[in-house]
Amino acid sequence: MEPKQFWILPLCGLRRLWTGSQRPPNLPVMGRYFAKRLLSLFVSLLVASWVIFFVVEIAPGDPASFMLGINAQPDTIAALRSELGLDQSKLARYISWVGGMLTGDFGTSYTYRTPVAQMVADRLWVSLPLALFALILSTLIALPAGIFAASHPGKSGDIAVMSATQLGIAVPNFWFAMMLVLIFAINLRWFSAGGFAGWDAGAWAALRSLTLPAIALALPQAAILARVMRSALLDILGEDFIRTARAKGLSQRQVLWRHGLRNALIPVLTIIGLQFSFLLAGAIIIEQVFYLPGLGRLVFQAISARDLIVVESVVMLLVFAVILVNFLVDLTYALVDPRLRGTR
Amino acid sequence: MTLLDITNLSLSIGAFPILRDVSLSVQTGEILAITGESGSGKSLTALAILRLLPRCTQVTGHLHFEDQDLLAMSEAQMCDLRGGQIGMVFQEPMTALNPVQTIGAQVMETLQQHSTLSRAEAREEARRLLTRVGLPPDRFPLSRYPHELSGGQRQRVVIAMAIAMRPKLLIADEPTTALDVTTQAQILDLLRDLVHDYGMGMIIITHDLAVVADLADRIVVMRKGEVVETGSTPQLLAARRHPYTERLFAASKHRPTLPARPPANPAQPPLLELRNVVKDHPLPRRHLLARAEHLRAVDHVSFTLHPGERLGLVGESGCGKSTLTRAILGLEPCQGGEILLHGTPIDPTGLTAQQRRKMQVVFQDPFGSFNPRHQVARLITEPFHSVTDAPVGQERSDLVAETLRAVGLTPEDAHRYIHQFSGGQRQRIAIARALITRPDLILFDEAVSALDVSVRAQILDLLAELCTAYGLSYLFISHDLHVVRSMTDRCLVMQSGRIVEQGLTEDLFADPQHPYTQRLIAAAPVLPDLQTGAA
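As given, the protein sequences belong to chains A and B, one line each in that order. Each residue of the first sequence is one higher than the last, beginning at 490 in the numbering used here. Each residue of the second sequence is one higher than the last, beginning at 5 in the numbering used here.
Source of the hints: derived by calculation from the structure; they are not laboratory data. Among the clues, some could well be false.
[To be verified] What follows is a set of in silico ranges between Cβ atoms, one per label pair, in the way DEER data are often shown:
1. A:ALA649 <-> B:ALA357: 53 to 63 Å
2. B:LEU335 <-> A:LEU527: 41 to 51 Å
3. B:ARG420 <-> A:LYS644: 35 to 45 Å
4. A:SER652 <-> B:MET98: 34 to 44 Å
5. B:THR135 <-> A:PRO642: 32 to 42 Å
6. B:HIS285 <-> A:ASP576: 51 to 61 Å
7. A:SER652 <-> B:ARG59: 15 to 25 Å
8. A:PHE809 <-> B:GLY43: 52 to 62 Å
9. B:MET98 <-> A:LYS644: 51 to 61 Å
10. A:ILE792 <-> B:ARG420: 49 to 59 Å
11. B:SER16 <-> A:SER652: 48 to 58 Å
12. B:GLY43 <-> A:GLY646: 31 to 41 Å
13. A:PHE543 <-> B:PRO337: 31 to 41 Å
14. A:ILE792 <-> B:ARG59: 48 to 58 Å
We put the CB at the ideal spot given by N, CA and C, even for glycine.
One chain only, chain A, in its complex shape:
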């Protein structure tokens, strides 16, 4: 092995854990796959940064005039523009914005006059655990439900799961949220109706305040994921190699677990990746229902106040999260599907 290829060993280790393969990995091909995905990650980030910066820039309205109100004098506005750096050229501001983000300096909020990095970090400690919590819940509900439905196609269990998922997709998550509050917070008093206890109050208290929002977020996602799992598994169970496995003497259940599941995981992983991105940024309504100080509310407030620097930074951060998750999903594909790792 060439020295420059050692960086890929952790990936190969993961692959071996997953596949149980004794075979030496195909380093040039795997390396090329990894490098291609990494290159695509950087190019996507670069293009996203241009788009975010220039779209926000060409949006009508001047932050300085907005902050000072309609009766502000032109020279006061000019002074504030200069203070905020809005009088510099677009290119200079773009470079300073990107450069700042690379060093962890996201700038200062026009409205709150506090560092954006600090604001984002505070909200991230709510949004990230909430998204992960919801994703874990959704996966834990969806995969068994999808597998159960696929292993009893057309039977009452399948129909029940499909009806439940239909309902889960059709009913908006804020309605779920209100029902959860009514039942578990107001009637049973197991959880609080809203607010975030904070991680300083202890992990248990923080997780308790995230539980109802996470369930409300997870249910519609679980419904989608269960349907994807079911249809992917049913497609795979109709493949020729499943019949070959049955002819080898494997029972229906053995075939499903040994041959069906891993092949069906490829589309499921795609959906999980998309859902994580959505859960991280798209929880704004649930954050409102439960009074959670998350990223969604921050973006909403920043847009209302035309706090450009906050909007740009949070959107860039979310784009980074989405692209990173997709990158990780791509790497997981290579673990699941040996065809992506090439031939020898």
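Position chain B against the provided structure of chain A, taking the given hints into account.
The following block gives chain B in isolation, referenced to the frame of chain A:
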């Protein structure tokens, strides 16, 4: 000793009867061939033995394996039987293996399912089995994945899985249909040796009567879910009692009567001429900064096709036949050489409307090459899209009706959809689509390979009639040597992108010069001469 005894087996899916009173038996050490056309119930008979039928299937009758009643056994008992005492090999080796598991894991799975072997012992046994089927571990380690093997190699893995437990009965469902002639010969030899070595009984299901005649001890002929005739191979080759069997054997040997080859006119330029055509496929780079590498799919190919001539092109999968077809059709640019139609070079960026009108193509899959949402009238007039002076109105309808009649369909068929036709009728529609612009040249790319023998015989007759009626010139590309021999005047043999031999078809088949052509012709199974007339 009777290994398998099937008596009055009937099978229906919902209200539709699929099999009716099928009776057959297999003795230990015997090779029984079940033959018949698509939809005759051959494969469902095999799946019924293993009780791997689709849901909602009702089965009646008697199915005995040794002294066990297969229809009375529990699912758990059937799981023990499948892979343990009865092994099965399926038709499509490309999809019969799990793509995300290594070949070693898949062979070991059969062993571990039916025995108490440890993982290490199972691995050792899997190596031995793969060596037995011709995949030695030094070249084919257990850690290979199916996508790293060719079709023939994958079929060997499937066979290794099926014989892992030395089953008493092996069922092979069209085991060589998807393979080349030389690979087919190797796989058939392997199956014959395994039956001999292990003393197994074998049922081979195939529509290829030449394979049947070559391999089987006894033959069962099925039609529309019924057994129409059973007999020993020599007996059936000598005399066939049932008219259907007679028709089936006759269709396999069928040779259409082509009109005489028109005399070559030296003053006239060739219809199609290829001069040193080169076509490369790009290969993935070894690393990001590496030089791009290529696979030479077509390597300096030159030939001519004169007006009225019927030219054949044979060779194994991957030899470059289809790439060459695409290059001639102007669908992909060439990396070198020249293609001339009527003495005019074809533009590397694609054919002109006039050239496209003069050259049409018929592909293998009669269903996949049509848009299922269009009516036949629209499907067969598709070539007019690229023509500026396409007929319209009544003239167009008349032309559609005339073309449909020419291929043996009726003008009323113009308003039907493609799913309403059988496989043979679909291929007639494909020929009508190629014929409608009255082209000078038609390329047939494996155009009859997916058809049953009797339908194939009808289509070949149709082509012969069209040759007489329209003075058709064509390039006939096929891996089926029998068909190429009966349909062409001259033949080219292609190996690894090169034309290794060419000549008059009869001379080439009677006295092949190149070792590759000799190998190809020797590997193709041949149906022996039949005594004519039903007994």
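Checklist entry - Where does the structure disagree with the numbered hints, that is, which hint numbers, in rising order? => result Numbers 2, 9 and 11, in rising order.
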